[in-house]
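Undergrad: Listed below, chain by chain, are the residues.
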Amino acid sequence: MKKLMRLIPHVAIILALMTLTFFVIDRFNEFMDFMTAEMSKWLFASLAVFAIAASVRLIAADLEKAEREAEEKQQKGN
Amino acid sequence: MNDKPFRRGRRIAGMVTFDLLAFGAALLVFAYFHHVRQRPLNPTAAVTDIPAPAVTPAPTPLQTETGGLAAETPAPTPVPTGLLGGKYAEKFSADEVVFTDAAYRSKNVALELRTEFLYESRIHIVDIYLQDITCFQTAVYDQFGTETLRTREMARLTPAIAALSGDYFSAHLNHSMCIIRNGQVYMDKQPDKYDTCVLYKDGVMETLAEEDFDRDAVLAKGAYQVWCFGPALLDGEGKAIPSFKGSTIRTNNPRSAIGYFEPGHYCFVMVEGRSDTSAGITLEDFSAFFESLGCRAAYNLDGGKTAELVWNGELVNERLTGGRSVSDILIIVDTEEGGRAQ
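Going down the list, the protein sequences come from chains A and G. The first sequence begins at 81 in our numbering and counts up one residue at a time. The second sequence begins at 2 in our numbering and counts up one residue at a time.
In short, the hints are calculated from the structure, not lab data. Ideal placement from N, C-alpha and C gives every residue a C-beta, glycine not left out. Worth double-checking, as some hints may not be accurate.
[Said to hold, decoys possible] Derived lysine to aspartate or glutamate pairs resembling DMTMM-like cross-links, with alpha carbons at most 25 Å apart: (1) G:LYS190 - A:GLU147; (2) A:LYS121 - G:GLU263; (3) G:LYS194 - A:GLU110.
[As the list claims (entries may be wrong)] Where chain G lies over chain A, by a calculated footprint (3+ residues, C-beta under 8 Å): (4) 96 to 110; (5) 135 to 145.
Bound conformation, chain A alone (with noise of 0.2 Å):
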């Protein structure tokens, strides 16, 4: 479970780059559909999940990190 938690940002990355690639290749042609196929739509709401999950986990991997630290800090002020 945690490696599959650690691929969720790389999987992220990689939508997001193919989502740049479309982008940039519906500027030269659009009839090429990269942006309005339905494939590319399930694409784009893919990396809409896999980004709120990636920011999830790094919202939760934050919170963590400030709880131990003010831990740290109180068992130093101690």
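Using the hints provided, position chain G relative to the given structure of chain A.
TA: For chain G alone, kept in the frame of chain A given last:
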């Protein structure tokens, strides 16, 4: 010695490499499903049958009141009542089929092929005169299996005298469009993005902007072919459109398009491009060119590597870096005479 930064750098490099490789693989998978793998086409219905072109019957001799035949008068020559009526009669050949490198003439079909050099580009034009609209057809890949084919290869599977790459509609099936081929309805939705070109059974052709397209009216008027790519190259008055600002395909490119003069008179135009000898044409120049031809309507089809023109089974243009397989091509056949030389 502390090798922690070194190890971290190596890990990051490994991650970046992995991500890039996975990105490349994902693009390949996407391209396979988006471009290579073709979905089967399921035409839903056929628009009502196309009537055969009417032929004026030879006049019956009048009977006099006394029962005898009226005074002998020379029987008038039957007036051709195809799409063009008696117009351009000199283009057709009533007796025998004439098929050369630059012309085809029969009773119902007359084609003339010529090449011009304008706008720093080689422009191939097929002037088309038809008495019978059923000679103007679209070949669709599902007639030949489920594989897309290059224009020449698909044309060779048909009796096409001349063939032009089409609108590659199967690549845009995600969109809401109206697609009709030879009276067969492949999709009858309101277009959401493209200008549409409609050829009716009476030989009239018109281009319609997305907002002007009335799906029910088009079907009711007897649409025979409906193409979806565009843009339309002339305005409603047959005048050139000065600017295609906003279109991402307006720059110099190889192109193919269809022009309309009047019912029964059309043209295929193919412009070579992206080569040392032919630059390709902008949409603005292409529009001006169709105005100079005297067309009343003109419609841009899929260009770039897709654009190809075939005459009697052979490519007229030079194929651009391998060409591209397409889902459909516009063909002119001679339904009565059997078509091109095999």
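Undergrad: I'd like to know which numbered hints this structure contradicts. Please list them from smallest to largest.
TA: 1, 2 and 5
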